[in-house]
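With chain A fixed as given, assemble chain B onto it according to the hints.
Number of protein chains: 2
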Amino acid sequence: MSISTQFIATKNSQILDKDASLRPLAVNSNKELMKVKTLELSEQIGEFQNILYAQQKHKLLIVLQGMDTSGKDGTVRVVFGRTNPAGVRSISFKAPSASERAHDFLWRIHQQVPATGELAIFNRSHYEDVLITKVHGDIDETEVQRRYAHINAFERMLSETGTTILKFFLHISKDEQKQRLQERLSDPNKHWKFNGQDLTERASWSAYQDAYQSVIRATHQQHAPWFIIPANSKTQRNLIIAGIVAEKLAAMDLSYPSPQADYFKIKIE
Amino acid sequence: MSISTQFIATKNSQILDKDASLRPLAVNSNKELMKVKTLELSEQIGEFQNILYAQQKHKLLIVLQGMDTSGKDGTVRVVFGRTNPAGVRSISFKAPSASERAHDFLWRIHQQVPATGELAIFNRSHYEDVLITKVHGDIDETEVQRRYAHINAFERMLSETGTTILKFFLHISKDEQKQRLQERLSDPNKHWKFNGQDLTERASWSAYQDAYQSVIRATHQQHAPWFIIPANSKTQRNLIIAGIVAEKLAAMDLSYPSPQADYFKIKIE
Numbered sequence: 001m002s003i004s005t006q007f008i009a010t011k012n013s014q015i016l017d018k019d020a021s022l023r024p025l026a027v028n029s030n031k032e033l034m035k036v037k038t039l040e041l042s043e044q045i046g047e048f049q050n051i052l053y054a055q056q057k058h059k060l061l062i063v064l065q066g067m068d069t070s071g072k073d074g075t076v077r078v079v080f081g082r083t084n085p086a087g088v089r090s091i092s093f094k095a096p097s098a099s100e101r102a103h104d105f106l107w108r109i110h111q112q113v114p115a116t117g118e119l120a121i122f123n124r125s126h127y128e129d130v131l132i133t134k135v136h137g138d139i140d141e142t143e144v145q146r147r148y149a150h151i152n153a154f155e156r157m158l159s160e161t162g163t164t165i166l167k168f169f170l171h172i173s174k175d176e177q178k179q180r181l182q183e184r185l186s187d188p189n190k191h192w193k194f195n196g197q198d199l200t201e202r203a204s205w206s207a208y209q210d211a212y213q214s215v216i217r218a219t220h221q222q223h224a225p226w227f228i229i230p231a232n233s234k235t236q237r238n239l240i241i242a243g244i245v246a247e248k249l250a251a252m253d254l255s256y257p258s259p260q261a262d263y264f265k266i267k268i269e
Numbered sequence: 001m002s003i004s005t006q007f008i009a010t011k012n013s014q015i016l017d018k019d020a021s022l023r024p025l026a027v028n029s030n031k032e033l034m035k036v037k038t039l040e041l042s043e044q045i046g047e048f049q050n051i052l053y054a055q056q057k058h059k060l061l062i063v064l065q066g067m068d069t070s071g072k073d074g075t076v077r078v079v080f081g082r083t084n085p086a087g088v089r090s091i092s093f094k095a096p097s098a099s100e101r102a103h104d105f106l107w108r109i110h111q112q113v114p115a116t117g118e119l120a121i122f123n124r125s126h127y128e129d130v131l132i133t134k135v136h137g138d139i140d141e142t143e144v145q146r147r148y149a150h151i152n153a154f155e156r157m158l159s160e161t162g163t164t165i166l167k168f169f170l171h172i173s174k175d176e177q178k179q180r181l182q183e184r185l186s187d188p189n190k191h192w193k194f195n196g197q198d199l200t201e202r203a204s205w206s207a208y209q210d211a212y213q214s215v216i217r218a219t220h221q222q223h224a225p226w227f228i229i230p231a232n233s234k235t236q237r238n239l240i241i242a243g244i245v246a247e248k249l250a251a252m253d254l255s256y257p258s259p260q261a262d263y264f265k266i267k268i269e
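As given, the protein sequences belong to chains A and B, one line each in that order. For the first sequence, UniProt numbering assigns the number 1 to the initial residue and increments by one for each residue that follows. For the second sequence, UniProt numbering assigns the number 1 to the initial residue and increments by one for each residue that follows.
Simulated from the structure, these hints should not be mistaken for lab results. Misleading hints may appear alongside valid ones.
Same chains, same label: a pair holds when it works inside one copy or across any pair of copies.
Keeping only pairs whose Cα atoms sit at most 25 Å apart, straight-line, the calculated SDA-like set for lysine to any residue is [to be verified]:
no., residue 1, residue 2
1, 193, 55
2, 190, 260
3, 57, 91
4, 178, 198
5, 178, 267
6, 35, 57
7, 94, 234
8, 174, 120
9, 190, 117
10, 37, 211
11, 57, 97
Only chain A is shown next, with the shape it has when bound in the complex (with noise of 0.2 Å):
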């Protein structure tokens, strides 16, 4: 799969500082070619997925980050809407709880990680505590450090125990976003997904940016690999996360499970 591979060529590079990333691919000018080429990778990705649930051995989870209107929903449904909904969660991560502050960053996280036979799409995740706590001052460097060790532990537990895990940024320009967020206030079906709070966070803009860079070096590890996706182009972005979810399922040896006991000589009465 020759699109994301070459994406995980770049993905380590300073992506984050240069325009260059927000370019779509020359490769992949035809728009139309995209989303026939993403519908299929979607179906690859729903087969794979129905043997992943049959076998019960492996656990895949999607970490999806991005800034407000980034495209993380259009991901959820785009690229995991052929899958069956017996082997699926979607989890979407709002601000915590008053039970969920009364413990620690990651408790309410491990509740939802994936079961063997199971997929699940973290929509937001635990890099929420080291992302707006940061860039709103609730957290000190010190903290912040310490925080990234734990989530690097943790997300090492989860692999030394059978998880595979692919982490996206959804990278998106400043005035991309500023698009986006219009087009919420003028059309009527989108109002729902427009929140006054997401004036306040991009106020923050840059802070934003440079946390994220921050968290994506200090977290990027070759059991739970970052890639930065370009994302202004929907089209694009889609193609991209379905190549990567779709290799990596290619490469995970599955199999439907073998039979506990010679089947072939069992009569049903």
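This is chain B only, laid out in the frame that chain A set:
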């Protein structure tokens, strides 16, 4: 939607005793046409569900019950295979754990009911606790009647607090189950679905039919109706269920929520 209406008209008859209910409806003789129609309906369900999710007002609970191989998994995959994972949860209730058995039988069920904006699918449910237990003789008739009352009170509470409930009994014949079990044994890709326990339960076929008949009669309520689905034909089963679900969603007064302020006036900087 003529299919489901037509079906609803017959669902209160003593359908479990009659083989007539297992014959495909003449009007749907064309299998390919039925599949196309089902796909259309499942896409409609996906569109309605997206508004349900946006609106954050309604809760929809689908209960699937039926003998082994009756097609509960297939129904989840086909009928709900075009939904957005963000607002859909499919819960497969297995034999209760020690911790679950240490609570009342509705305890683990209550934890999984849909929140506002959610569509939850129960693949097996609290009904197992008046079926398996009754057939195995773990509870006596007094306890069975008590549990019927508990279930009715529980579902009334869910309904009165905003949950729409649809319960489906997937009705197959004993012969059809024989063929399906045999198929699982001869196809290595289906071995994982075979379970020795299925044969034990099959031996109690008529006791189960009686138990189903009794529970359906006792718990069929206007706010939580049972639909008995002829399920010897997978194609017809999917079409009928998709039709009933789509019709219900269409009647649910779904709409994108109104903005909290005059959004047309806001200008993003």
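Here is what the structure says about each hint:
1. In this assembly of identical chains, residue 193 and residue 55 lie within 25 Å of each other by CA distance solely across copies; the values are 10 Å between and 37 Å within a copy.
2. Taking identical chains as interchangeable, the C-alpha atoms of residue 190 and residue 260 lie at most 25 Å apart only when they sit on different chains, with a minimum of 12 Å there against 51 Å within one chain.
3. Taking the closest pair of Cα atoms, residue 57 and residue 91 come within 25 Å of each other both inside a single copy (21 Å) and across two copies (19 Å).
4. Taking CA atoms no more than 25 Å apart as the test, residue 178 paired with residue 198 passes inside one copy only; the shortest distance there is 11 Å, against 57 Å between copies.
5. Within a single copy, residue 178 and residue 267 get their C-alpha atoms only as close as 65 Å, which misses the 25 Å cut-off; across copies the closest is 9 Å, which meets it.
6. With identical chains, the CA atoms of residue 35 and residue 57 are never at most 25 Å apart, being 32 Å at best within one copy and 32 Å at best between copies.
7. For the identical chains of this complex, residue 94 and residue 234 are intra-copy neighbours only, at 23 Å inside a copy versus 39 Å across copies, given an alpha-carbon limit of 25 Å.
8. Taking CA atoms no more than 25 Å apart as the test, residue 174 paired with residue 120 passes in neither setting, with 29 Å inside one copy and 37 Å between copies.
9. Proximity of residue 190 and residue 117 under a CA criterion of 25 Å is satisfied inter-copy only: 16 Å between copies versus 35 Å inside one chain copy.
10. Neither within a single protomer nor between protomers do residue 37 and residue 211 lie at most 25 Å apart by alpha-carbon distance, with minima of 34 Å and 49 Å respectively.
11. Taking the closest pair of Cα atoms, residue 57 and residue 97 come within 25 Å of each other only across two copies (20 Å); inside a single copy the shortest separation is 33 Å, beyond that limit.
Hints 6, 8 and 10 from the earlier list are contradicted by this structure; the remaining hints agree with it.
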